[in-house]
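Got chain A; can you put chain B on it based on the hints?
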Amino acid sequence: GQQLNQSPQSMFIQEGEDVSMNCTSSSIFNTWLWYKQDPGEGPVLLIALYKAGELTSNGRLTAQFGITRKDSFLNISASIPSDVGIYFCAGQLWEYGNKLVFGAGTILRVKS
Amino acid sequence: DAGVTQSPTHLIKTRGQQVTLRCSPISGHKSVSWYQQVLGQGPQFIFQYYEKEERGRGNFPDRFSARQFPNYSSELNVNALLLGDSALYLCASSLFRTSGIITDTQYFGPGTRLTVL
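First to last, the protein sequences are chains A and B.
Numbering (the numbering used here) for the first sequence: 1 to 112.
Numbering (the numbering used here) for the second sequence: 1 to 117.
Hint data in this document are derived by calculation from the structure and do not stem from the laboratory.
Wrong hints could be hidden among the right ones.
[Stated by the list, open to error] Computed Cβ-Cβ distance ranges for the label pairs, DEER-style:
hint	chain 1	residue 1	chain 2	residue 2	range
1	A	T68	B	L83	36 to 42 Å
2	B	N77	A	Q14	42 to 48 Å
3	A	V84	B	L117	27 to 33 Å
4	A	Q3	B	L117	27 to 33 Å
[Claimed, not checked] Taking lysine-lysine and the DSS-like style, the derived pairs with C-alpha atoms no more than 30 Å apart in a straight line are:
hint	chain 1	residue 1	chain 2	residue 2
5	A	K70	B	K30
6	A	K51	B	K30
7	A	K70	A	K51
The beta carbon of each residue, even a glycine, is placed where N, CA and C say it ideally should be.
The shape of chain A in the complex, shown without the other chains (with noise of 0.2 Å):
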């Protein structure tokens, strides 16, 4: 089956700093997307993305469709506190039941 890679698997965000993380799959998905979740709650819809290439941001976050539709990264800039948490990349594909394929998730914590 479909299987996601998503790096790095945690890290340690200074308050101002930009952040990085990608998803990459062997697979070819439709559409990519980026969730964030927090303890206890369902994942939040951040970014989505509909086409190979395609660069969308949202505010301080910023994420790609892959060219070969096979990966996707986010960017966060100018982190402040309330970033922290877990972000999950999501590709999905159009056949039957248009299923959303997680990666594992990237927790986001602050440096002390």
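Below, chain B alone, put in the same frame as chain A:
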């Protein structure tokens, strides 16, 4: 507008019991998908329903079943519960609209935390 709502918030069951989880989609959305999220992992796809018909099924045993009602709300049923069924069960709603470009962007509810003892 209300987002995706799920009930109950938490549930504790014992092995062998049956459980029913409920989901109401965002107003105007006609599709509901169910995902299982085990602690420390990303969500895993279980089902998608659109217009009351199953449109997709993940790699889960037949103990898992679901249905969608005329008002587009949905129920997920799990029979003969096992310890390994303990997880956060997430419901996602979407438009499932296809008009040239398919954009089935899925929005998640807060989840139901199921604990099986």
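Going down the list of hints, with the structure as the test:
1. Range check, T68/A to L83/B: Cβ separation about 41 Å, and the 36 to 42 Å hint holds.
2. Separated by about 47 Å at the C-beta atoms, N77/B and Q14/A satisfy the suggested range of 42 to 48 Å.
3. For the pair V84/A and L117/B, the supplied restraint of 27 to 33 Å holds, since their beta-carbon distance comes to about 32 Å.
4. Distance hint check for Q3/A and L117/B: the Cβ-Cβ separation is about 32 Å, which falls inside the suggested range of 27 to 33 Å.
5. Taking the CA atoms of K70/A and K30/B, the gap is about 29 Å. The hint holds against a cut of 30 Å.
6. Between K51/A and K30/B the CA atoms are separated by roughly 24 Å; this keeps the pair inside 30 Å, and the hint holds.
7. With a C-alpha separation of about 12 Å, the suggested pairing of K70/A with K51/A holds against the 30 Å cut-off.
Of the numbered hints given earlier, the model fails none.
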